[in-house]
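K.L.:
Chain by chain, the residues run as shown.
2 protein chains.
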Amino acid sequence: MFKINENYLKLPGSYLFSDIGRKVNAYAAENPDKKIIRLGIGDVTQPLAPAIINALHDAVEEMGNAAYFHGYAPDLGYEFLRNAIADIDYKNRGCDISADEIFISDGAKSDSGNIQEIFSSDNKIAVCDPVYPVYVDTNVMAGRTGAYDTASETFQGMIYMPCTADNNFAPEIPRETPDIIYLCFPNNPTGAAITKRNLQDWVDYANQAGAVIIYDAAYEAYISETDIPHSIYECEGSRTCAIELRSFSKNAGFTGLRLGFTVVPRELKTGDVSLHSLWARRHGTKYNGAPYIVQRAGEAVYSDKGRQQLKGQVAYYMNNASYIYEGLKSAGYTVSGGVNAPYIWLKTPKGMTSWDFFDHLLHTANVVGTPGSGFGPNGEGYFRLTAFGSYENTVEAVDRIKAL
Amino acid sequence: MFKINENYLKLPGSYLFSDIGRKVNAYAAENPDKKIIRLGIGDVTQPLAPAIINALHDAVEEMGNAAYFHGYAPDLGYEFLRNAIADIDYKNRGCDISADEIFISDGAKSDSGNIQEIFSSDNKIAVCDPVYPVYVDTNVMAGRTGAYDTASETFQGMIYMPCTADNNFAPEIPRETPDIIYLCFPNNPTGAAITKRNLQDWVDYANQAGAVIIYDAAYEAYISETDIPHSIYECEGSRTCAIELRSFSKNAGFTGLRLGFTVVPRELKTGDVSLHSLWARRHGTKYNGAPYIVQRAGEAVYSDKGRQQLKGQVAYYMNNASYIYEGLKSAGYTVSGGVNAPYIWLKTPKGMTSWDFFDHLLHTANVVGTPGSGFGPNGEGYFRLTAFGSYENTVEAVDRIKAL
Chain A
0 MFKINENYLK LPGSYLFSDI GRKVNAYAAE NPDKKIIRLG IGDVTQPLAP
50 AIINALHDAV EEMGNAAYFH GYAPDLGYEF LRNAIADIDY KNRGCDISAD
100 EIFISDGAKS DSGNIQEIFS SDNKIAVCDP VYPVYVDTNV MAGRTGAYDT
150 ASETFQGMIY MPCTADNNFA PEIPRETPDI IYLCFPNNPT GAAITKRNLQ
200 DWVDYANQAG AVIIYDAAYE AYISETDIPH SIYECEGSRT CAIELRSFSK
250 NAGFTGLRLG FTVVPRELKT GDVSLHSLWA RRHGTKYNGA PYIVQRAGEA
300 VYSDKGRQQL KGQVAYYMNN ASYIYEGLKS AGYTVSGGVN APYIWLKTPK
350 GMTSWDFFDH LLHTANVVGT PGSGFGPNGE GYFRLTAFGS YENTVEAVDR
400 IKAL
Chain B
0 MFKINENYLK LPGSYLFSDI GRKVNAYAAE NPDKKIIRLG IGDVTQPLAP
50 AIINALHDAV EEMGNAAYFH GYAPDLGYEF LRNAIADIDY KNRGCDISAD
100 EIFISDGAKS DSGNIQEIFS SDNKIAVCDP VYPVYVDTNV MAGRTGAYDT
150 ASETFQGMIY MPCTADNNFA PEIPRETPDI IYLCFPNNPT GAAITKRNLQ
200 DWVDYANQAG AVIIYDAAYE AYISETDIPH SIYECEGSRT CAIELRSFSK
250 NAGFTGLRLG FTVVPRELKT GDVSLHSLWA RRHGTKYNGA PYIVQRAGEA
300 VYSDKGRQQL KGQVAYYMNN ASYIYEGLKS AGYTVSGGVN APYIWLKTPK
350 GMTSWDFFDH LLHTANVVGT PGSGFGPNGE GYFRLTAFGS YENTVEAVDR
400 IKAL
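For the record, the sequence lines run as chains A and B.
Just so you know, we're using numbering that gives the first Met the number 0 here: the first sequence kicks off at 0 and counts up by one.
Just so you know, we're using numbering that gives the first Met the number 0 here: the second sequence kicks off at 0 and counts up by one.
Since the hints were made in silico from the structure, they are not lab data.
Because the structure is a prediction, the values reported are computed rather than measured.
Backbone N, C-alpha and C fix where the C-beta goes; we use that ideal spot for every residue, glycine too.
A portion of the hints provided could be inaccurate.
Unchecked claim - Derived PhoX-like pairs: lysine-lysine, alpha-carbon spacing no greater than 20 angstroms straight-line:
#	chain 1	residue 1	chain 2	residue 2
1	A	K34	A	K22
2	A	K123	B	K9
3	A	K268	A	K123
4	B	K328	B	K349
5	A	K2	B	K268
6	B	K328	A	K268
7	B	K90	B	K9
8	A	K268	A	K328
9	A	K2	B	K123
10	A	K90	A	K9
11	B	K268	A	K268
12	A	K328	A	K349
13	B	K349	B	K401
14	A	K9	B	K268
Unchecked claim - Some but not every residue of chain B turned toward chain A, in silico, with C-beta under 7 angstroms:
#	residue
15	I35
16	N82
17	G236
18	L256
With these hints in hand, go ahead and build the complete structure from the sequences.
P.N.:
Have a look at this one:
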């Protein structure tokens with residue numbers, strides 16, 4: 000008789016954003032006259048930039064012509080894209096990363112969920128709290144934790160690193176030594192950034208402890224301050240301890256186009272086995288490459304025109320972030336984030352729980368955000384708003400909240 | 000100190016098609032004047048059909064317009080595509096499969112590699128021999144086998160079901176009872192088909208043994224005979240024992256576009272846990288949907304124009320299959336497949352090993368095929384040629400082989 004993966008049964012309830020979707024749909028069905036503004040899920044709203052649209056059309060034309068048709072892509076991605084990434088994201092920032100250390104994928108969510116597969120099931124995992132749920136859930140599904148403890152809302156055997164107002168939403172080195180450390184900066188959900196000096200401390204710690212840092216830099220395009228690193232490879236010694244995940248979703252609006260990449264430096268080894276070779280094997284065996292047309296769209300992101308157009312798109316969203324931040328602050332809310340990230344993290348008023356405030360905002364202002372508690376117990380009493388709406392909707396949402 | 004997934008180290012060498020690629024590239028570099036014809040890897044060569052190209056251009060236009068822009072796709076795929084599949088692939092064939100039992104993905108290779116994740120590590124796996132390597136390798140990586148035995152070229156603890164000339168390349172029910180059975184028909188690599196009656200025997204056996212059949216129907220579009228089922232759901236009782244994998248790669252030329260789907264009927268359960276709910280959780284947590292534009296291209300595959308154009312494309316490749324089959328037969332080779340599948344499976348002449356014949360064909364005829372032994376020990380002494388080349392190249396390749 001076949002047996003299921005029992006680890007799946009440890010996961011409580013469903014995925015956070017599915018829960019939110021159900022609540023919002025129910026409210027919308029009961030109140031068809033209300034205009035609901037969604038600043039919840041981190042999905043973009045601006046259309047793809049013209050340089051990207053042109054690249055897509057050109058690539059589609061190729062696919063319709065036998066002489067230029069492209070079948071299976073190279074396992075690790077097309078060189079034209081890997082070279083552009085190596086040059087512009089890394090060499091231009093002084094990072095020593097070569098094109099053959101870059102693995103093209105269908106997005107950072109897949110990579111952040113799949114990367115744990117190359118590690119054994121007895122590694123000790125450390126995550127921030129609050130945290131992007133995928134890091135936790137995929138390790139639970141792989142059997143790297145014990146049961147879920149409903150009282151503490153945590154999984155046994157996982158190390159949680161609190162990120163609270165007290166530590167300025169920056170995790171501290173945990174007391175128990177982890178084997179694998181997930182870090183995401185600029186952070187989802189808090190919008191906090193990490194300075195190069197603080198990130199260097201983590202790199203030094205990981206090298207000393209023999210730990211791997213899985214560094215999710217999906218939001219690096221939103222960094223506005225100069226002492227904030229865009230890549231962990233700006234830190235010394237990172238090639239022996241860090242894997243970096245990157246996305247095209249937030250800097251170029253690819254949420255519906257699906258493209259991302261993972262960097263695994265060749266020096267990252269245990270004994271003589273490199274994580275690079277394991278990830279290459281995983282990638283080649285369980286994945287078959289990102290679509291040619293999407294990889295050409297990714298290349299256009301690095302073109303002169305693409306970069307110029309996307310600079311405007313990021314500025315558009317950061318203008319929203321600033322409007323939310325200033326508006327809520329002037330209305331007496333305690334807010335953070337929004338300076339180097341498209342997320343605003345606010346303290347719920349009058350000691351409301353995150354879900355109470357979610358319901359309150361949905362019912363009175365018809366605005367959808369994300370309850371902080373959905374990201375972990377230390378998110379309780381907080382709430383996330385995203386800057387990815389249209390400017391008009393963002394202004395209207397903030398004005399409605401201010402009028403409450 | 001972080002620890003790697005040691006199961007990866009059980010895998011001998013690299014992925015079959017990477018090995019072939021290296022050999023061919025080395026020969027090409029040494030012999031720049033030779034025209035090499037590739038009938039090895041199962042990659043298509045015909046451009047995407049006009050109906051698909053039009054759908055792609057239209058969808059790209061939408062992505063460049065704020066009013067029609069699409070961000071994150073629904074977890075399980077867009078309804079327009081799932082409905083088209085449910086109607087045309089299933090209802091029209093009398094199969095009881097609903098749209099919400101269909102999970103859209105980036106292709107059958109990913110699905111066939113990922114599907115094992117929802118099962119525990121102590122399930123007993125049965126595969127055909129020869130076999131598509133992904134089924135075996137992904138179970139090895141997940142720890143469901145023992146070590147690789149170099150003498151027998153098999154993994155300990157895995158059940159191999161020989162498919163040889165003696166049984167007409169059809170597996171027999173194994174002596175040891177498996178929990179999970181991988182079947183692929185029409186078969187890759189042998190090109191053999193299974194009758195509805197024989198498939199019904201497998202379904203009956205699985206229901207009786209409490210086993211799950213993972214049925215890879217990636218090549219169903221090539222079926223030309225009437226007693227061959229296009230889906231396992233044509234068999235009675237399959238809803239309680241079978242998962243089906245389908246691809247857009249071979250019927251519609253999507254190898255470089257990436258689209259597929261997996262069907263998990265809601266009745267497939269152990270206790271009160273349905274595999275449908277586990278796969279939905281896996282899909283929602285470790286994947287973020289196929290690109291909107293590619294799902295629109297998939298929809299075009301089911302349009303009247305699309306279906307008509309693709310019928311022509313399949314006929315084009317099957318004409319190649321027939322040319323290879325007849326040509327080699329007339330030259331004295333022992334051949335099979337090629338009637339309900341785009342693969343021709345031939346016995347190597349004069350007792351040559353599969354790799355010897357590979358080298359011989361590459362060096363003397365400049366034709367690339369796939370060594371049968373790369374698919375498993377019972378593939379030794381066989382060789383796979385694909386019908387996916389251009390007609391001109393196929394004719395030239397066969398004529399060169401005949402002239403040897």
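K.L.:
Take the C-alpha atoms of K268(A) and K328(A), compute the straight-line distance between them, and say whether it is at most 20 angstroms.
P.N.:
With Cα atoms ~47 angstroms apart, K268(A) and K328(A) exceed 20 angstroms; violated.
K.L.:
Starting from K34(A), check that the Cα of K22(A) is at most 20 angstroms away, please.
P.N.:
holds (15 angstroms)
K.L.:
Regarding the pair K328(B) and K268(A), is the alpha-carbon distance no greater than 20 angstroms?
P.N.:
Judged against 20 angstroms, a Cα distance of about 52 angstroms means the pair is violated.
K.L.:
Check the hint pairing K328(A) with K349(A) against an upper bound of 20 angstroms on the C-alpha distance.
P.N.:
OK: K328(A) and K349(A) at ~15 angstroms, within 20 angstroms.
K.L.:
Does K9(A) sit within 20 angstroms of K90(A), going by the straight-line distance between their CA atoms?
P.N.:
Roughly 43 angstroms between the alpha carbons, so the hint for K90(A) and K9(A) is violated.
K.L.:
Measure nothing beyond the straight line between the CA atoms of K123(A) and K9(B); if it is 20 angstroms or shorter, mark the hint as holding.
P.N.:
violated (23 angstroms)
K.L.:
Using the nearest Cβ pair, does N82(B) come within less than 7 angstroms of chain A?
P.N.:
violated (19 angstroms)
K.L.:
Does K2(A) pair with K123(B) here, judged by a C-alpha cut-off of 20 angstroms?
P.N.:
Holds, because 10 angstroms separates the two Cα atoms, which is no more than 20 angstroms.
K.L.:
Mind checking the alpha carbons of K349(B) and K401(B) for me, to see if they're no more than 20 angstroms apart?
P.N.:
At roughly 15 angstroms apart (the allowed maximum being 20 angstroms), K401(B) and K349(B) satisfy the hint.
K.L.:
Would the hint linking K2(A) and K268(B) be met if the CA-CA limit is 20 angstroms?
P.N.:
OK: K2(A) and K268(B) at ~10 angstroms, within 20 angstroms.
K.L.:
Does the alpha-carbon distance linking K268(B) and K268(A) stay inside the 20 angstroms limit?
P.N.:
violated (41 angstroms)
K.L.:
Let's test the interface hint: is any C-beta of chain A closer than 7 angstroms to that of G236(B)?
P.N.:
Violated. Min distance 15 angstroms.
Checked against the numbered hints given earlier, the structure breaks hints 2, 6, 7, 8, 10, 11, 15, 16, 17 and satisfies all the rest.
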